[in-house]
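Asks: First to last, the sequence lines map onto chains A and B. Residue numbers for the first sequence follow the working numbering, so the first one is 1 and each next one is one higher. Residue numbers for the second sequence follow the working numbering, so the first one is 1 and each next one is one higher.
Mixed in with the good hints there might be a few duds.
When chains are identical, the list treats them as one kind, so a pair holds in a single copy or across two.
Stated by the list, open to error - Below, computed lysine-lysine pairings styled on DSS-like, alpha-carbon distance capped at 27 Å: (1) 631 with 726; (2) 394 with 344; (3) 815 with 749; (4) 789 with 827; (5) 844 with 789; (6) 404 with 578; (7) 363 with 93; (8) 660 with 815; (9) 613 with 515; (10) 510 with 663; (11) 333 with 343; (12) 749 with 242; (13) 199 with 182; (14) 215 with 84; (15) 660 with 510; (16) 743 with 757; (17) 336 with 373; (18) 827 with 749; (19) 815 with 613; (20) 844 with 743.
No wet-lab data here; the hints were simulated from the structure. Because the structure is a prediction, the values reported are computed rather than measured.
Protein chains: 2
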Amino acid sequence: MVKKIKKSIIKKKVANTNKAKWVYNFEDTPRSDKQSLKNLLGGKGANLSEMIRINLPVPPGFTITTEACNEFYSLNQKYPSTLKKQVSAAIKKVEQKIKKLFGNESNPLLVSVRSGARVSMPGMMDTVLNLGLNDKTVIGLAKKTNNETFAYDSYRRFIQMYSNVVLNVNHHNFEDLIENYKLTKGIVLDTEMEASDWKSLIGSFREQIVSETGKDFPQDVNEQLWGAIGAVFQSWKNQRAKTYRKLNNIPEEWGTAVNVQSMVFGNMGDDCATGVAFTRNPSTGDNSFYGEYLINAQGEDVVAGIRTPQNITKKARLEAGSKDASMEESMPKVYKELVTIYKKLEKHYRDMQDIEFTVENKKLWMLQTRSGKRTAKASIKIAVDMVKEKLITKDEAILRIDPKMLDTLLHPTLDPKAKKDIITKGLPASPGAASGKVTFSADDAEKLKAQGQKSILVRQETSPEDIHGMHAAEGILTCRGGMTSHAAVVARGMGRPCVSGAGSIQIDYKNKFFKANSREVKEGDIITIDGSTGEVMVGEVTTIKPDISGDFSTLMAWADKTRTLNIRTNAETPLDTKVARDFGAEGIGLCRTEHMFFDEERILYVRQMILSKNIEDRNKALKNILPFQKKDFVEIFKIMKGLPVTVRLLDPPLHEFLPKSEKEIASVAKILNISEYEINNRINDLHEENPMLGHRGCRLAISYPEIYEMQCEAIFEALVECHKAKVQSVIPEIMIPLVSTAKELEILKYLVDTKAKEVQKKHGMKISYLVGTMIELPRAALNAFEISKYADFFSFGTNDLTQTTLGISRDDSGKFLDDYVNSNIFKIDPFVSIDVDGVGQLVKIACENGKRNNPKIKLGICGEHGGDPDSIDFCHNAGLHYVSCSPYRVPIARLAAAQSKIRSKQKH
Amino acid sequence: MVKKIKKSIIKKKVANTNKAKWVYNFEDTPRSDKQSLKNLLGGKGANLSEMIRINLPVPPGFTITTEACNEFYSLNQKYPSTLKKQVSAAIKKVEQKIKKLFGNESNPLLVSVRSGARVSMPGMMDTVLNLGLNDKTVIGLAKKTNNETFAYDSYRRFIQMYSNVVLNVNHHNFEDLIENYKLTKGIVLDTEMEASDWKSLIGSFREQIVSETGKDFPQDVNEQLWGAIGAVFQSWKNQRAKTYRKLNNIPEEWGTAVNVQSMVFGNMGDDCATGVAFTRNPSTGDNSFYGEYLINAQGEDVVAGIRTPQNITKKARLEAGSKDASMEESMPKVYKELVTIYKKLEKHYRDMQDIEFTVENKKLWMLQTRSGKRTAKASIKIAVDMVKEKLITKDEAILRIDPKMLDTLLHPTLDPKAKKDIITKGLPASPGAASGKVTFSADDAEKLKAQGQKSILVRQETSPEDIHGMHAAEGILTCRGGMTSHAAVVARGMGRPCVSGAGSIQIDYKNKFFKANSREVKEGDIITIDGSTGEVMVGEVTTIKPDISGDFSTLMAWADKTRTLNIRTNAETPLDTKVARDFGAEGIGLCRTEHMFFDEERILYVRQMILSKNIEDRNKALKNILPFQKKDFVEIFKIMKGLPVTVRLLDPPLHEFLPKSEKEIASVAKILNISEYEINNRINDLHEENPMLGHRGCRLAISYPEIYEMQCEAIFEALVECHKAKVQSVIPEIMIPLVSTAKELEILKYLVDTKAKEVQKKHGMKISYLVGTMIELPRAALNAFEISKYADFFSFGTNDLTQTTLGISRDDSGKFLDDYVNSNIFKIDPFVSIDVDGVGQLVKIACENGKRNNPKIKLGICGEHGGDPDSIDFCHNAGLHYVSCSPYRVPIARLAAAQSKIRSKQKH
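This is chain A alone, in the form it adopts within the complex (with noise of 0.2 Å):
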């Protein structure tokens, strides 16, 4: 109740924006919730106020909000009217607390400007420090701290750093400065400057701004707070920024608070020093303290890599064989106030914390705080160690985890202390990394595995034809095609690493040679490729396994035990079958029986079946198929133990299995007997402008009832084996896909029913089984009443309710997503989340309806977004009952649906 009155109080603010508060000085924030706070302070200002709170020592300052950032853009780049005075306010409080006065000369303030969005976006914004000197100040700060050079190296580090920053001159001009200076002065190190060194320079730098700005250096320290203010503004909308907020799903609207800090300093001498910690170890997850720092230096001087810094305990000190003493050591006193610090900090916050600290003689300050990033096996050791800790509970911990993390865990990855020969860079399509001797064809692929040896498949694109060489080879990588693409989706269910759509590559198939980037790659060599980033590398690069070890195991079950939404997979060969089962897959949700056709037995009499010219030589064509499928099935079945399976009926277009090649048509034709002309004229037939709109799926059905007569008998014989196998077996669902009429699947339906009679009465024994559809039309969503009056279960098949309902082809999308999603027409691919306003309209209409006539019909959903974190929140607030996932996406959904039933717990 109190929470949600403070956020009507901060929302009530925005609305009237002349008497909005724009600036809270740290003390005195907001006490809404930290969320709330965070919104409207950003990151780093609502940690600092919530240090102070807490009795930290941290240097007074204050935070421009986020509001006034967006208002500074809605006012096309001008200052709210009432931000100048609430800043100077504000300011004299921080001189009141600190007891400096901004500007003074014998006693001047120096503040720090920092930008501070709501989630930290490092590096990518601007920051001014040692604001508040000029040439008078700069002699006061001097006498005060009776440090002339360092009063003088603060002096330029400012003008360096606001001059690039505020005033967009290059900071090459001042290094070269530097360095021409020490050249002549026979200088090496900064260090060894001394206050008449810097004041020469600075005199070269001023110089050097007249001459690209026209005007000098500000000397007003007003005017260089509000340049500073500005650029930090500014800085929300420059190219980084806008490329890391697309890369990590930050919407613009968030826009940035600005932080306005008094300065301290850690490079005042030796009693100074300036660090960086976590509060648990962020690679490995290890409860204890980890960290650098540097004696006499500046907080940007740990990052540069100038100097190296030097560990904070002795013991990470021990472990590295270092001899430069760690802050354990060297300053013992601060050390304990640091750990009792952290451990104050991280017992609030209940996360590992990532800290900056400076020593300003002797003194410690606090000068940020967050949650660490660490890797996603830290993540769940610290979560799980938290939760045993009694830190969290077992549902924060499941939150924390970031589900598409898990990826990461599950597949082999690059050694990270490897080197890398990176000659280009894909789609990371499909995780995991892998080597091997470039291919460019299947068949190559599975001869070098029948050889032992392992081969990284390269093509154009691939096709169904390609299966088999996927299968035989270590990766994939293709020049086209998106996150989508055929080799992106199979090699996912494989869990094969992929890069795809790698543009800059081309492929000379008939040289066998591939160039990227003017490095040329034959076929034979050895390429590594990293289907997590998109890399593509020249020769083999070390990898490790995965580790799915205790801790997985224990956060997976709770999650387990959390969710309510099912989670099945996606998955037609016993081995993939086999991966989810082992990942925790609670059913088969798609089974493609086309898959099944590419089988190199088989293909042959699928292409006599497409041949025939009538149904008695298409029917002798299916029989000898039948005992393919129904193979399959008994082994899918018997590995699925009672576990339901999901049966799509024969979906592509008859065309994707024909021969394609030349050399092929012609062992084709003497095969079967065929004229190679006739084969061609088939071609041309069943040739289609757009496949994916064309005669397929329960179209198929239509014209060729007898295809999934042979279909659903293969099901129902294998059932009866399993039966008289005394297996435990399973109650098949069987799906009709491309359904956009309840009078096709009302004629599918009958087709079944009869031919399970058919069995039924064959074998004198019952046989239960399911039959839905695939919503995967628009036409079907809107017609879900009438349709599932002959359905026991819609599956949304979200792929081509995608393409349909956008009117984009997942194949071609390629061409334009990105400009789309760079012109913020998409906030993200449609193919990776589900498209909730457009897709999720139709998904809800289907369920509604779909419910109103058969409250009993089993809901899910089988497309790519069956595995993404943000669809599977969808598809839970929807009401779904399970989604269907490719194999490697198991745990992240498992994962996913349990955060899912967390949240939606939370609003209630």
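Following the hints, position chain B against chain A.
Replies: Below, chain B without anything else, positioned relative to chain A:
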């Protein structure tokens, strides 16, 4: 009110089948409105009962209802339990009226058993005459009529017909027996046959029946009757009837009634006759009695063509130069009676009637009346005449004309008297008939045109590159593609006759000939195509020019006064624009700017633009296209003088414009000084799996805004030029295609507005225009509320909306749509008539949501459906403001819109 109650009475009867009344004697039928009566009793039954009601001489009988037929099918081809009793009772009433007894040996009642569906399906279903004859009743009939020959002739006719229809004995068997008998006896004409001859033949017939069916011919008259009733019911689902229904959009659910009627005989002597007549001339519409009769004959003899029928009126006899007496002359008394009756009937039905009558021993019996079929021309003349005669209102006249019929009036038609050597049949894709030399390429068609020769362009299918050839040719013939293929759509737009999807044609482009059902046709051979029937003929067939005379324009003027829906046209050439204006178009609803890109003069610049590697080169190429586009717009704006013109910016994917053949590529490479390799690369780059869902429409403009900028500049500069030339100009409606999100339209509206400001500033003059979007993707329809924020108008692109909503590619649908219509999944091709349950729902959602945000939003439709009467009716009811269709469909749309208006008035 009374009508409604009657209707509900009829409905309630269905609900309770046990109490249901399945049988009505002609004189006892329910007093409901005409349509309900027809639905219940079929057209024939309803009309027989109607004639009795107005005291015309009709042989007594009864009707078994269509509901009984449906019940028969829902009971798996068994009769409802109460049917037998009701039929017996009905027979009894007939016996009382006519004073004969069914099955009685001395005074036998004979009956006919005829089908009778809601609408006439001539010759499609089965009929049995003379039923009730057996070895005993035939003797009675002979005695009673004192004409043994007649009696046995009737008996053998009955056996023949019954055996064929009910017992499935092939009628050839009987004809062979008759022929053999005559040969043996030396008899030439049937009239020479005597009773003994027929008796002898009846014996042979019955032996034949026993040998084929294993049973003797049934002697029990009730068995005969039920056999015939069952056969009629079953004939509702015979193949002929199914095909006829499909072609005429008659739902299977309607069922057929069965009419059992006492026989009257026109073949009992020279005071007997039988005839058929139309109350007005059905081919010209002239108001003169028109028909044929035969003395001493049964009805089937008039139709069978063995004897030549004679004229009914003396006037007609004189005109025909016939010497055989007309009925007016040979039977003046009966003729007078007939005249009185036909006038009474026409007045009663207020429409031209097609009547059948029999004269039995000088007594005139009416056997049938129904609205007469007529030509389009007659249809209009009769409607306009009847208004003048005050027989019907203008509204009724408008409703009487099937708008689709108008098509035949606007195009040349084949002379019905000409001989036709038909070699194959395709789809009637664009109406009209044309002859010309066979040519296989667009260029050749153009060359022939330049030489003043007529050609028919024969292609597998056409593409935008063929447009100049389609223009040059007299007509187009394709082997692939449906009614809405490229060829069909473009041909209809141009008014060129087109036969598409003539699947039996195989073209050998290389050797320049095609084969159709083993007939070979070479380049240069003359063929004729009839785009109204789909027929393809060898040689030239005379055609008749269209005549849109006074009656036509009178009717159209009435329609224009009535309708509220505006009719625009889809046109982009000055020629089409003029044609459409002449046909009454009130604006352009779709001007496809890409069609202008294919012109020979410009395509090179377009290709240059596409092949550009950077925006500078692209802009250079665009600059060259600009003046052409501007000129096009100036011409169109001048013709449209103030009427609205909707200009759609570039829509198709860029690859459509690139050269295709190696030869073309080489030529383009040479002219543009680019390597062929580069062009091929670009072609590869731009290749799309599903171009329909690819990088097209507004997506092009998101990637390459400069294209739309050029087009907008052309539009605005054209306006300026019109203004300067003091021509009444137009307010263009600039239409953005393929929008799926509000953001796209927001961005592109800004682009249009910016360009408008630029041109306004340049010329210092104000420009008026609208900006809107096509709604042609489901997502757009679902998000219409948001999208309407940036739109002055919505235009429903129902072609693409159908493709995406149903997931059916128009170009590929030919392969399965037939199966779909045959299986009753679609009542009609959804590209021909709007799919109300799918696409229709989305149109309604979009209209409602668009209007909710912007009540003034203009709503129209510009898909092919704009020319389809049922779709126009949907648009009228959905509250659209206009429909836009190809020029030749404008009159159809005007009439259909008027009909919709009248129907909706009638409902309120």
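Asks: Each of the hints needs a verdict: does it hold here or not?
Replies: Status of the hints after comparison with the structure:
When the C-alpha separation of residue 631 and residue 726 is checked against a cutoff of 27 Å, the pair qualifies only within one copy, where the shortest distance is 16 Å, while the shortest distance between copies is 81 Å. In this assembly of identical chains, the alpha carbons of residue 394 and residue 344 lie at most 27 Å apart only when taken from the same copy (21 Å versus 91 Å across copies). Taking the closest pair of Cα atoms, residue 815 and residue 749 come within 27 Å of each other only across two copies (23 Å); inside a single copy the shortest separation is 40 Å, beyond that limit. Proximity of residue 789 and residue 827 under a CA criterion of 27 Å is satisfied inter-copy only: 20 Å between copies versus 37 Å inside one chain copy.
Proximity of residue 844 and residue 789 under a CA criterion of 27 Å is satisfied in both settings, with 18 Å inside one chain copy and 24 Å between copies. Only within a single protomer do residue 404 and residue 578 lie at most 27 Å apart by alpha-carbon distance; the minimum there is 22 Å, versus 61 Å between protomers. Taking the closest pair of Cα atoms, residue 363 and residue 93 come within 27 Å of each other only inside a single copy of the chain (22 Å); across copies the shortest separation is 121 Å, beyond that limit. Taking the shortest alpha-carbon separations for residue 660 and residue 815, both the intra-copy value of 25 Å and the inter-copy value of 21 Å come in at or below 27 Å.
For a Cα distance limit of 27 Å, the shortest separation of residue 613 from residue 515 across copies, 20 Å, qualifies, whereas the shortest one inside one copy, 45 Å, does not. With identical chains, the CA atoms of residue 510 and residue 663 are at most 27 Å apart both within one copy (15 Å) and between copies (23 Å). Only within a single protomer do residue 333 and residue 343 lie at most 27 Å apart by alpha-carbon distance; the minimum there is 16 Å, versus 122 Å between protomers. In this assembly of identical chains, residue 749 and residue 242 lie within 27 Å of each other by CA distance solely across copies; the values are 24 Å between and 52 Å within a copy.
Taking the closest pair of Cα atoms, residue 199 and residue 182 come within 27 Å of each other only inside a single copy of the chain (13 Å); across copies the shortest separation is 136 Å, beyond that limit. Taking the closest pair of Cα atoms, residue 215 and residue 84 come within 27 Å of each other only inside a single copy of the chain (24 Å); across copies the shortest separation is 112 Å, beyond that limit. For a Cα distance limit of 27 Å, the shortest separation of residue 660 from residue 510 qualifies both inside one copy, at 17 Å, and across copies, at 23 Å. When the C-alpha separation of residue 743 and residue 757 is checked against a cutoff of 27 Å, the pair qualifies only within one copy, where the shortest distance is 21 Å, while the shortest distance between copies is 54 Å.
Only within a single protomer do residue 336 and residue 373 lie at most 27 Å apart by alpha-carbon distance; the minimum there is 24 Å, versus 106 Å between protomers. In this assembly of identical chains, residue 827 and residue 749 lie within 27 Å of each other by CA distance solely across copies; the values are 20 Å between and 40 Å within a copy. In the homo-oligomer, the alpha carbons of residue 815 and residue 613 lie at most 27 Å apart only across protomers (15 Å), although the nearest pairing inside one protomer, at 40 Å, exceeds that limit. Taking the shortest Cα distances, residue 844 and residue 743 sit within 27 Å of each other both inside one copy (22 Å) and across copies (23 Å).
Hint compliance for this structure: no hint is broken.
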